[in-house]
Each structure stands twice: as C-alpha cells, then as structure tokens.
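Could you put the whole structure together from the sequences, leaning on the hints where they help?
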Amino acid sequence: DGGITQSPKYLFRKEGQNVTLSCEQNLNHDAMYWYRQDPGQGLRLIYYSQIVNDFQKGDIAEGYSVSREKKESFPLTVTSAQKNPTAFYLCASSNSGRNPPGAKNIQYFGAGTRLSVL
Amino acid sequence: SQQGEEDPQALSIQEGENATMNCSYKTSINNLQWYRQNSGRGLVHLILIRSNEREKHSGRLRVTLDTSKKSSSLLITASRAADTASYFCATPSGSARQLTFGSGTQLTVLP
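If you read the protein sequences in the order shown, they are chains A and B. My numbering applies: residue 1 is where the first sequence begins, and numbers increase by one. My numbering applies: residue 1001 is where the second sequence begins, and numbers increase by one.
Hints listed in this document are in silico derivations from the structure and should not be mistaken for laboratory results. Source: prediction; values computed, not measured. Take these hints with a grain of salt, some might be off.
As the list claims (entries may be wrong) - Covered by chain A, per the in silico footprint, the following chain B stretches (three or more residues, Cβ under 8 Å):
1. 1065-1076
2. 1100-1111
As the list claims (entries may be wrong) - FRET-style restraints, in silico, Cβ to Cβ:
3. A/Thr77 <-> B/Gly1040: 20 to 26 Å
4. A/Asp59 <-> B/Leu1075: 27 to 33 Å
5. A/Gln17 <-> B/Gln1014: 43 to 49 Å
6. A/Leu27 <-> B/Gly1059: 34 to 40 Å
7. A/Gly40 <-> B/Thr1027: 20 to 26 Å
8. A/Lys70 <-> B/Asp1066: 41 to 47 Å
9. A/Asp59 <-> B/Ala1082: 31 to 37 Å
10. B/Asp1007 <-> A/Gly63: 27 to 33 Å
11. A/Ser80 <-> B/Ala1081: 22 to 28 Å
12. B/Glu1015 <-> A/Asn53: 49 to 55 Å
Each residue gets a CB set at the ideal place from its N, CA and C atoms; glycine is no exception.
Structural data, given as structure tokens:
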C-alpha cells in the first residue's frame, strides 16, 4: 500500500454521528483522492484535491466533507447527512502529472477503512 | 459515471491456465491503466498503456489496447493462486487528472 496510511481500518458510526477517516501520505504527491467502494462494485469518486487548501467535489460528494490544510493529509468526514455510509473507503494520491514533467497519473492507494453503521 | 466496464464480472480458472479480462470504455483517452485489488485491500497499479501503443508486457501480464474499438484486454499467463484478486481498468476523466474505474473482474485461480 505504498506510502499512504489510512486509519482506522474499521470504524463504526452511530446514527446522527459524524465520523472522520484519516489519510496521510509521505510520497510528496500534490493530488489526493477519496473513493467509496460498495460490495462487488467499482470505485466512485467522493472528493479530490490537486493542491493544498483546494478541493473539488467528485461524483458522490453529498453527505461528505474534506479538508486539505497540509500536503500530506486529506481527512474525510462522513456526516450525519450521509444516510447510507456503510462502505469501504479508499484514499489515493498521485503526482498530478505536473511535477516532474511528463509524469503519469498513476494513483497509489491506502489499505482502506471499512465503515459500518451501528 | 462509469467509463470502463470489465468483462467478465467473474472468472474462475485452474492454476497454470491463462486469464483474460476485457475492458470497454466510451470516450477518447490518452492512456488506460489496470489495477489489482486483493480482498479487503487497496488497489495496486499494474500497468499503463498509452493510446499510441497497441500492446505492452510486464512479467506475466500482457495488455492490449484497441482505440478504434475503445477496448483493452489484460492477459495473465500461467496464473497462480496468488493472482486471485479483482482487476480494474481505469481511464483518465475530468480536467484534474482524475481516473474513472470500471466495475472490475473478480478472478479466482484454483490450486
């Protein structure tokens, strides 16, 4: 799982509770991403960030929030507005292709956090 | 939105056999990537093929790309039980170098 650390590995959320998933990378990558994966499905993009202090909504951002105060960190908060949060959450990073020149947009993934609802 | 769709959804073979997975996509691309995911783990990048390449090899992996048919295939030769995993194709999307992943092929290699 390279230089990306996700924690915790397992997380349980009570109804009405906000929970935060941690993602830290030591690869000096500019771009970071959060995906949601449901059983037997592919990955769906929640949020992404190309640089510090900037982030964009992905395909399924409703009920989630993020911050990017440091290059190494991109935490995801699953809010109480997300009515079906049970899923496997994956964080990834890439070098965004700008530095070094010609670099490819290969993404490096963490080991994931499995979120369940109590 | 799903750009790549893998086929078959599931594949079960005996150790030593070859495994072939296919990916179709909808829009023009400049490259296509394949990733592997072991159960309950993150994805690992396997190989990238550019739009001007037709075939690429990496160890026991062979990837082809047919841009006229908007399709790619991943061949794993002489499969091993340790190859059991889900395999996803991914194509660039959006303006910020995002990737869109297909729904994956679940490969089971029986010992």
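Consistency of the hints with the structure:
no.	hint	verdict
1	1065-1076	violated (count 0)
2	1100-1111	holds (count 6)
3	A/Thr77 <-> B/Gly1040: 20 to 26 Å	holds (23 Å)
4	A/Asp59 <-> B/Leu1075: 27 to 33 Å	holds (30 Å)
5	A/Gln17 <-> B/Gln1014: 43 to 49 Å	holds (47 Å)
6	A/Leu27 <-> B/Gly1059: 34 to 40 Å	violated (24 Å)
7	A/Gly40 <-> B/Thr1027: 20 to 26 Å	holds (25 Å)
8	A/Lys70 <-> B/Asp1066: 41 to 47 Å	holds (43 Å)
9	A/Asp59 <-> B/Ala1082: 31 to 37 Å	holds (33 Å)
10	B/Asp1007 <-> A/Gly63: 27 to 33 Å	holds (32 Å)
11	A/Ser80 <-> B/Ala1081: 22 to 28 Å	violated (43 Å)
12	B/Glu1015 <-> A/Asn53: 49 to 55 Å	holds (50 Å)
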